[in-house]
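Enquirer: Spelled out from the first residue to the last, the chains are:
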Amino acid sequence: MRLTVNGIEQEITSPPLTALLHVLRDELEITSPKAGCQQGGCGTCTVLVNGEPRRSCLTAVVTVDGASITTLEGLGEPERLSPVQAAFHNRYAAQCGFCTPGMILAATALIERTGGPVERDDVLDALGGHYCRCTGYVKIVDAVMAASRGEVEPVADVPSSEAGEPDVLVKGSPA
Amino acid sequence: MAAETLVPNSADEAAQLFGDGDGVTVFGGGTILMPAIASGRLKPARVLLLHRSGLDGLSIDGGIVRIGAMVSVGELAEGPDDVLARFAREVGDLEVRASATVGGNVCAPPGQEAQRGDLGAPLIALGARVRSIGGGGERTEPVEDFLVGDRGARLVLEIEYDRPSGAWSAQTMRRRHARSYAIANVAICSNADGIRVGVSGIGPTAVRCRAVEQSRNADDVLKDVDPVDDAVASAEYRRKMLTVLVRRALDEVESS
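From first to last, the protein sequence lines are chains U and E.
Number 24 in this note's numbering belongs to position 24 of the first sequence; there are no gaps in the numbering.
Number 89 in this note's numbering belongs to position 89 of the second sequence; there are no gaps in the numbering.
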């Protein structure tokens, strides 16, 4: 099987019924899709499959053989955040951060789909399957609406990526 | 041992690989199977995946709506008619609807904590027929008959119904948060011969309420339906709410 993940073609060797979530995290070591509830209910494993948001925990990798997958890592970089990432950063839309990858990808797909400003109800509809256990919904919805209107200020205070963050990848860990 | 995976490239190939269904686990959208497989609760030996089988056609031809088994619930939320769309929109959330299929919805095994197969209510009310294949070949039967048959021995190919033209009502009751399973769903469609009443979200499968169709008395819904207790609602609450929902649906259909 082959996947194009964030623009890079990858040969996949996991068994065909492996969840896309675990292919990304355990085989490719891409850890922004989080292993939350792992039954489709929480939203944090959401990735884009050919541009459309899908639950990677509910997606058997064989069913997306040949597809193009986008994770949070494919949207922007610390020095060059995507508009939704920048809006989340500037408007304090992330607290613990566990739901943030799924929220940002679903919001990015919503703005892509509508092609312009989105209303509050559109955001609630598009993010309805994404749970924020910090209950930071107000700032999240505000950030998505601001990003959709192009109201994104440059980000000045992103921590340097040279800060030497420890390697936190632990196989099987949800984080 | 890892499961053997079968990926047919046509409906004919899918039917051939399915055979009489013995020992075959059919994989539609995966929204029910994936958590069970990933957690190790389900260890299927042979899995028939339908994503390349071509069973995803959706058409309206001569007033007959034909929905392939692999059409997503998300697609149904956008059409082909308002009755089905009204219930499809309530299933799961945007991403789950995009994966979930109509074939999976009518084949879903009973859930432990909540009831599945919400689309059964509108499909019964619409007079839908299920075209399936398995031991003994192909057959087409009313959805309410299909639901009480040996569903594991049938491979759903298509669901079809005459496009509705009469009055209809959709009543659905859920807890007030995203992705909540139904407490009860009631769908009524009227046609030249009378009304058809479908109820779902109240037990292992959706049920056609013939008593209400004849009497038009909401209390008669409990003659055909015996609601269950689960994590979403108690049977007692469901019984009380069902009569309310059926009364509202009858009122709406009769006043339009």
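Derived from the structure by calculation, the hints contain no laboratory data.
All residues carry an ideal CB built from backbone N, CA and C; glycine is no exception.
Possibly wrong hints are sitting among the right ones.
Estimated spans, in silico, between C-beta atoms of each pair [to be verified]:
| # | chain 1 | residue 1 | chain 2 | residue 2 | range |
| --- | --- | --- | --- | --- | --- |
| 1 | U | Gly66 | E | Val148 | 38 to 48 Å |
| 2 | U | Asp157 | E | Tyr237 | 27 to 37 Å |
| 3 | U | Arg113 | E | Leu42 | 28 to 38 Å |
Calculated from the model, a selection of chain U residues having no Cβ within reach of chain E, i.e. all distances over 10 Å [as the list claims (entries may be wrong)]:
| # | residue |
| --- | --- |
| 4 | Gly7 |
| 5 | Ile12 |
| 6 | Ile30 |
| 7 | Gln38 |
| 8 | Thr46 |
| 9 | Cys57 |
| 10 | Pro154 |
Enquirer: All hints are to be evaluated individually against the structure, with a verdict given for each.
Expert: Outcome of the hint check:
| no. | hint | result |
| --- | --- | --- |
| 1 | Gly66(U) to Val148(E): 38 to 48 Å | 40 Å, holds |
| 2 | Asp157(U) to Tyr237(E): 27 to 37 Å | 52 Å, violated |
| 3 | Arg113(U) to Leu42(E): 28 to 38 Å | 34 Å, holds |
| 4 | Gly7 | 22 Å, holds |
| 5 | Ile12 | 14 Å, holds |
| 6 | Ile30 | 18 Å, holds |
| 7 | Gln38 | 6 Å, violated |
| 8 | Thr46 | 6 Å, violated |
| 9 | Cys57 | 7 Å, violated |
| 10 | Pro154 | 31 Å, holds |
Going through the hint list in order, the structure does not satisfy hints 2, 7, 8 and 9.
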